[in-house]
Amino acid sequence: MTDQMAIHTEGLTKHYGDFPALVGLDLDVPVGEIFGFLGPNGAGKTTMIRTILDEIRPTSGRASIMGLDTHESSVEIRKHIGYVPGDLAMYPNLTGKDTLTYFANLRGGVDWDYVDALAGRLDADLSKKVGDLSSGNRQKVGLIQAFMNKPDVLIMDEPSSGLDPLVQREFQTMMREFASDGQTVFLSSHTLSEVQRIADRVGIIRHGHLIAVEGVADLRSKAIRTVNLFFDEPVDGAVLEGLAGVREVNVEDHHVTLSFDGQMETLLKVVTERYNLLDITTHEANLEEIFLTYYDEVGA
Amino acid sequence: MLATVATKTFLDRWKGVTIGALAVALMFFLGMAVYRDIDLAIYTDLPEALKALMNIPVDADVGALAYGVIYSSYGALTLASLALSMGSASIAGEERKGTMGLLLGNPKSRTHILISKAANIVLLSALGAVILWIAGVAVPGMLSVDVTGIEVGALVSHMFVIAVFYGFMAMAISAWTGKNSLASGATVGVMVISFFAVGLLPLIESLANGVRAFPWHYYSGSNPQINGIDWGDLTVLFVGIALLAFVAVVGVNRRDLRGQVTGVSVVDRLRANPMTRKIVERLVGSARVSRIWVKTASENQGILIFVAYVMFLMMGLLIGPMYTFIDETLISLTDAFPKELLAMFGGGDMSTPEGFYQLETFGLMTPIAFMVVTVTTGARALAGEEANRTMGLLLANPIRRSTVVLEKTLAMIVQALIVAIALFAGVVGGSMLGGLGMSPSRIAATTLLGTLLGLVFGALALALSAATGRTRVAIYGSIGSAFGLYVANGFLPFSESFAGLAKWSPFYYYLSSDPLLNGMNWGHGAVLLGLFIVLVAAAVALFDRRDLRQTG
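Protein sequence lines correspond, in order, to chains B and Y. Here the first sequence is numbered in our numbering, starting from 47 and rising by one per residue. Here the second sequence is numbered in our numbering, starting from 2 and rising by one per residue.
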């Protein structure tokens, strides 16, 4: 079954001394998927990525990429992957072009027309020394480096850090095109909005534990809405907390924010009976709110 | 804030200073123990002129020899090296790490930061000096050697002042240019040249007064271990320190701070020039990144060029003509000179050109030159890429870790060969210029053995780098071992009971067969080559089995 899986891990565990950075991670990412790997800083995202790339070795458990064991076949695997490390660093004395040539030579060649096309789309300057580039422009060189070999699996750790919004959007388009060609994208992030926009599924990791894996569409279908209520006087939040479908109530003086998946009519009835409702806005909850709602307690 | 910056720097550095000072103390102990065991008649019979040259007092005893020959030179060189590494890292180091901006985000001026860095150079040099002073007083007691009449305090005070002087010189260059390696390279250059000039110039009568141009003279010229503190000489150094401090303050305030530093290599200059761009682009622009070893070998160009230049010109070409200028009477005196004593400086009999070259060029400078290049590359090869966080990206390509280690090793060999060619050409040229008629094949043999010796310690740095991923461990570990093994090879033969142990030092297989006179010793060459191969194999195995470090 693992041969249809781009990435497969079984009980993957990594301890740094006594500190468990990654605990019993079981994960399957099928070929052709965009998988978003989410978690707060220090949750174990980078440790997981470095382990499957054989930069560090698991304390226990195993992992495979394209059906190949990540340690035994690490060299073979690396023919099939593109990688953007988190906190990307490159050789400051080389130009972008030199850097790409270097990595291309290590892989045995690259399609330079494709590289030029990528550089054009990301608006990257390859003639300057990497050390003289701003962090965003350096990140572009890192992204081109990962895409340029048209790998089967793209593994990227916080890839859009430093990119301006326009370039971020272009980068997301590139990832989608890439997946629609049947290739796989594994993307770690702590910015949920990005993952929400492009991922098929998301996994969330906390304190080294994978606490949930869900389809983005499934999460959305949980139909949680965020409701903002504005009143003409300060409000007692306790009144709302008992209501069916109400979660996560935040009261700030005249203003109430809540997550809600019940009957709107019931909610409105209760609040209008007690207070003068001045305004109401509602919108579909984003992943951040959904996760906070459903998973806050699980990994804490 | 000032105290905070100073404290952080102090905590970053005190271990290195302590270890350096203790290493010298240990060497002092070893040297004094050997001196105690041997018949000192070989020294007392020396001609006066030579005794003066070697820092040996007229009524030489164990104590005077150990202080004069070992402590005053190695102690001061070590302390000054530590100070200059602090000085060069002071401003440029913070810029290189990108932390200077952060530091200056606090409400303190550049001058404030410079002062706190300068205070550290003084403080840490004092720490090293105190350790050396304690050892200088305690070791003779432990060995029951009488040291009456030796001014340990005066010697250590002079050491402290010369260390601060070189520390401030490096700091001034660092503050002025923002370039760490330029600051340390230039200061080391000045220090080494000055050290040798002070030893060498008095040999040539017409140039004897020239020593006054070199800072080292004001440290050792007055023989403080015998004559006590020379306030006149120290005043010269104090004035120098004050001037350098002034230059540093002006320098750091006048220029733009550097962001992340990108060095400009010779190739870059040629590439930027429209006249040469096309051909250079074709020749080296893309060639430079064609293989891992080519890219690695093209790095550290500054150090490589500097070392090759020094070995070719100053240690090679100029030594030949200089030999012909040296006072004939001095040369004839060396018949009485014990070979064992000269062995500490790499050996060599000054009455022959080969001996002179061995004493000046091959004995000490050649191993240092090779090691500067091979240890730098060996240490940076793996640990440097990890510290710079590029190793993950490199190893995301379909190449084995062993390939990376072997390609880096190849780069080290290429760099060592460049130094070897410069050295060989320089010495052959020097021999021709001076009409000395030395055998090119024997010069080649000596150069080859020196290259292999340098590669052994480069491979040691590589193995430490592979095992730990820490550049500092690799550099200090290999340089420290080289230091100890050099001294062991120089001193152990003095004592009959220890003489056999010298064979455990790689240095034994470099010059003990007198290759300049006898030609290549293939057995010794094979030992060095075997050691090199074993260390590289260890590096491959060690690097393959461990987790890569994420940060430096």
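To be clear, the hints were calculated from the coordinates, so they are not data collected in a lab. Do not rely on the hints blindly, as some may be mistaken.
[To be verified] Using 25 Å as the maximum straight-line C-alpha spacing, the simulated DMTMM-like pairs for lysine to aspartate or glutamate come out as follows:
1) Lys196(B) with Glu122(B)
2) Lys196(B) with Glu79(B)
3) Lys125(B) with Asp545(Y)
4) Lys125(B) with Glu408(Y)
5) Lys279(Y) with Asp157(B)
6) Lys175(B) with Asp269(Y)
7) Lys125(B) with Asp548(Y)
8) Lys279(Y) with Asp282(B)
9) Lys196(B) with Glu223(B)
Review point. Given the hint that lysine 196(B) pairs with glutamate 223(B), does the C-alpha gap stay at or below 25 Å?
Key: It holds: about 12 Å lies between the C-alpha atoms, which stays within 25 Å.
Practice item. Measure nothing beyond the straight line between the CA atoms of lysine 279(Y) and aspartate 157(B); if it is 25 Å or shorter, mark the hint as holding. Key: Holds. Lysine 279(Y) to aspartate 157(B) sits at ~23 Å (cutoff 25 Å).
**Study point:** Straight-line alpha-carbon gap lysine 125(B) to aspartate 548(Y), limit 25 Å
**Key:** holds (21 Å)
Review point. When you check the alpha-carbon spacing of lysine 125(B) and aspartate 545(Y), does it fall within 25 Å?
Key: Between lysine 125(B) and aspartate 545(Y) the Cα gap is close to 19 Å, so the pair holds against 25 Å.
**Study point:** lysine 196(B) paired with glutamate 79(B) [C-alpha distance capped at 25 Å]
**Key:** holds (15 Å)
Check your understanding: Is lysine 196(B) close enough to glutamate 122(B), meaning Cα to Cα at most 25 Å?
Key -> holds (15 Å)
Exercise for review: Assess, step by step, whether the Cα of lysine 279(Y) is no farther than 25 Å from the Cα of aspartate 282(B), and give holds or violated.
Suggested key: violated (76 Å)
Review point. Under the criterion that the straight-line Cα-Cα distance not exceed 25 Å, is the pair lysine 175(B), aspartate 269(Y) satisfied?
Key: holds (10 Å)
Check your understanding: Is the Cα-Cα distance between lysine 125(B) and glutamate 408(Y) 25 Å or less?
Key -> Given pair lysine 125(B), glutamate 408(Y) holds - Cα atoms ~19 Å apart, limit 25 Å.
Checked against the numbered hints listed earlier, the structure breaks hint 8 alone; every other hint is satisfied.
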